[in-house]
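Student: So you can see what is in the structure, the chains are spelled out below.
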Amino acid sequence: MKYVGKSVTRVDGIKKVTGDLKYVDDLKMPGMLYAAVKRSPYPHAKIININIEEAIKLPGVKVVTTGKDFPKRVGLYLADKTFMAVDKVRYRGEAVAAVAAETKEIAEEAISLIKVDYEELPIVSNVLDAIKEDAPLIHPNLGEYKHAPIFHTLPGTNISEHFKLRKGDVELAFEQADFILESEFYVPHIQHCPIENHSAIAQFDREGRLTVWASCQSPYAVRAALADAFKIPSHKLRVISPSVGGGFGAKAGTTLEGIIIPLAMKTKGRPVKLTYSREDEFNNSYVRQAMYATFKTGVMKDGKIVALKSNFIWDGGAYTEYGVNIAKSAGFAAAGPYDVENIHCDSYAVYTNNPVGGPYRGFGMSEIHFGIEQNMDIISEKLKIDPIEIRKLNAHKPGGRTATNALVDDACGLIDCINKVINDIEYHKPSQQPKEDYKVRAKGFACGMKAPSMPNNAASSAIIRINEDGSAYLSVSAQDIGQGSDTALTQIAAEILTIPPENISINTGDTAHNPYEWQTVASRITYSAGNAIIKACEDIKEQLFHLASIKLGIFPRDLQLEEGFVRSSIYPNKRIPIKDLALGLSMEDGSAVHGPLIGRGTFIPENIRNFDMDTGLADNPVVFWTYGCYGVEIEIDTQTGNIKVLKVASCFDVGKAINPDLVKAQCEGAIVQGIGSAIFEEIIMQNGRFMNPSFMDYKIPTANDIPEMLVSYVENRQKDGPFGARGMAEPAMIPAAPAIASAFYNATGIRVKELPLTPERVVKALKNHKILNKK
Amino acid sequence: MKHEIYFTLNHEKILHEVKANKTLLQMLREDFDLTGAKEGCGQGECGACTVLLNGKPINSCLVLAVEVDGKEITTIEGLSEGINLDELQKSFITNGALQCGYCTPGMIMTAKGFLNANPTPTLEEIKVAISGNLCRCTGYKRIIEAIIEVAEENQSKD
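Which chain is which? The protein sequence lines are A and B, in order. When we follow my numbering, the leftmost residue of the first sequence carries the number 1, and every step to the right adds one. When we follow my numbering, the leftmost residue of the second sequence carries the number 776, and every step to the right adds one.
Any given hint might turn out to be false.
Said to hold, decoys possible - DSS-like, lysine-lysine: derived pairs with alpha carbons at most 27 Å apart:
1. B:Lys902 x A:Lys104
2. A:Lys104 x B:Lys831
3. A:Lys236 x A:Lys146
4. A:Lys753 x A:Lys164
5. B:Lys831 x A:Lys15
6. A:Lys28 x B:Lys797
7. A:Lys104 x A:Lys266
8. A:Lys266 x A:Lys132
9. B:Lys788 x A:Lys647
10. A:Lys15 x B:Lys902
11. A:Lys22 x B:Lys865
12. B:Lys794 x A:Lys57
13. A:Lys46 x A:Lys68
14. B:Lys846 x B:Lys797
15. B:Lys902 x A:Lys28
16. A:Lys699 x B:Lys902
17. A:Lys699 x A:Lys439
18. B:Lys902 x B:Lys831
19. A:Lys2 x A:Lys535
20. A:Lys104 x B:Lys865
21. B:Lys794 x B:Lys777
22. A:Lys22 x B:Lys932
23. B:Lys788 x A:Lys22
24. B:Lys865 x A:Lys6
25. A:Lys435 x B:Lys902
26. B:Lys902 x A:Lys439
27. B:Lys865 x A:Lys2
28. B:Lys846 x A:Lys644
29. A:Lys22 x B:Lys797
30. A:Lys719 x B:Lys831
31. B:Lys797 x A:Lys46
32. A:Lys57 x B:Lys902
33. A:Lys68 x A:Lys2
34. A:Lys439 x A:Lys535
35. B:Lys865 x A:Lys15
36. A:Lys104 x B:Lys777
37. B:Lys831 x A:Lys699
What the hints assert, rightly or not - Covered by chain A, per the in silico footprint, the following chain B stretches (three or more residues, Cβ under 8 Å):
38. 785–792
39. 908–921
No lab work stands behind these hints: they were computed from the structure. Small disclaimer: the values here were computed from a predicted structure and weren't measured. By construction, the Cβ of each residue, glycine as well, lies at the ideal position given by its N, Cα and C atoms.
Could you build the full structure based on these sequences and the hints that come with them?
Tutor: So, in structure tokens, the structure goes:
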């Protein structure tokens, strides 16, 4: 292959290194107004009255809105939220009113003039309290909320989703097991922290057409949500995402768009802009949900796991429109990448008065694997079986079964990945210890897996237009949020059309001009949009071959594309350039046929079927599983509690690397983001208050914190993937935290039950355990 | 209250009136439409707003516009002309040292100012130099490699 499988240079480099690329907050429009938002100081309170009189009188203020203007409940999977609070607030910082004014300063002054009377309600700040019978209800009307049929809400409680997995007979298996082990783990709230904060602009024209510019991952999903919420026909609602300064899930749904649209309705055509500050971003965009996990595992003497009973309790925060699906996805992967015959798993999405949980790179998998993988280490130690061997013994292998009892297909290369990483990190060779006696080093290991969590009918489409000079436009609505999809998708088109990538321009991010894409999430774009592009290219090919066949007098079946030409596969000198057919075929008598070449491709995964609502079992519930693992080496400074991650080896089965450099770049970014989640990052909540909403108090990794990275991949072809590719960018982060926790245990003998491993936690833990495993 | 300031912006002499409470970042973005410098935090913690002040990288969100009176400011827009990119910009592209691109202008300006002062740095010095510029996408490895490549070219020029 000429372009696929090659590390083609990113197509978006120049505009990004020059500052030419405009992000939403860089856009300035004639007559633009600026919005500001009044937010609740209470985590849970009834709104008694909102007085906007003083605010509206302030010179320069154009509009003031409150939640009552649009009380309709909306949400991707569960319609439980309004864009601004209507009757009560459910987390501290929830929007209660908004202003559009001539300047940002005036808008902010107006906000301070809005007076809101609240009646405080008892708060639920701990998810374990939230599931108690007498817990105050955060959504008393849960039973009335619309939701996708695959979810199971429990009205009258704070539980908005209860996913049940029931496979085999777990109690009987426990009776027969040689050992039974129990463990529990906690993962705190963290945040995505894209460097670009959320920003959006909304503008109505006099015919009621709405244009929204938003830093969003999924323009079509945003269009669908807004069209539904504001009753605007789809053809009159245009969503433009000019570029996205980092997503990681934070920009997957709708957040601030719904606040500015009601304002823009009343500004007589003037656009309204709202850009979050970093503090707003922390408080009011999504967070990764906190989660409690418990495991009870039945194991035979030889290390085979025969039974697993697990509970996942997700702190979904005030609204769980997205969080319900994370809880469900966790249940699908209840045993991680291990083949266990008897599983009993309950996964709950739970309302609390904490910030709103949402999708975060890994979609629940990083959280559950923190426990699953340490549980494997616990079993390994108890049975005195090497941690790698016990994983290999239980690992998903072709012909095995997933937690939902689906067949593990031939493309599962977990064992290949394990072998590679063990070798790269020299897992069985003890760490060389530093000369300082207060420092200790050790290695750790963890596996991980993930499937795209999406509706069964999540679709993609692509349009290719051939220009008269033989170059091409490729239109999709897959968003390049940094992962490099513009480049990889261009490569796929280049490969089939035999048009070099530099002669293809990719257009994305505008629902008025680019065809449908469900969402840029779930590590599904290369797979799904890639497949749509292949079909669009095949469509072009068919048209080209039809025309060339007339021109050359050769059957279409004997034609092929090569270097921008259609040529006979039998007579190589019989050929015609693609450009000569781009606008149709002109005949010798001057007449012409066909017209411009436009290729159309659509893709929807086939045979992805619903699971059984009572048991959670399904023979084909997801498009694919991506497997992989990490080996790490860390150094702990026992005096300061600082952990330095020295080295990380990772390997994932990517099916086929369309662009090897981009695949590796995703792995590197994932490693460092994963390190952040393991040793730095934690949202500190106190009685519903987010205590550290700044980069001063919420640290993410810097260049100083990065390890040596040995990144590799294996390629067991995805049967329905483009050129065999499957998604990998989210899976690449999953094993980070458990691998580091495993190394911490190997160094200190202390099992970490709670993240992150901050210096404070490390020093506290070491105080009680004096013995270091320093060999 | 407005102040008159006289300074050099991307090699051009500028006379400008600016409010006392406006930051350099706000002035660049709002008054001059130079949007390459971004606001990521507004507190000097993320480095996305980095520009050069008299050749040194600074967080433009922490500097008041009036402070640049008599000084020289270079933003990412002033680093190159047309398609003739600066060595660092080229190196960032060829090394794949960018993903979403939001931190990239600030990162390049920090690297530029750093290499001005220290043309042949060690790896550790590079890491420290860019540790005030947050990037959530790349894991920094390729950014460091891009800077090393330019530093090595500097070394071979010596």
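Student: Hint by hint, work out which the structure violates, then give me just those numbers in ascending order.
Tutor: 1, 2, 8, 9, 15, 20, 22, 28, 30, 31, 32, 33, 34 and 38
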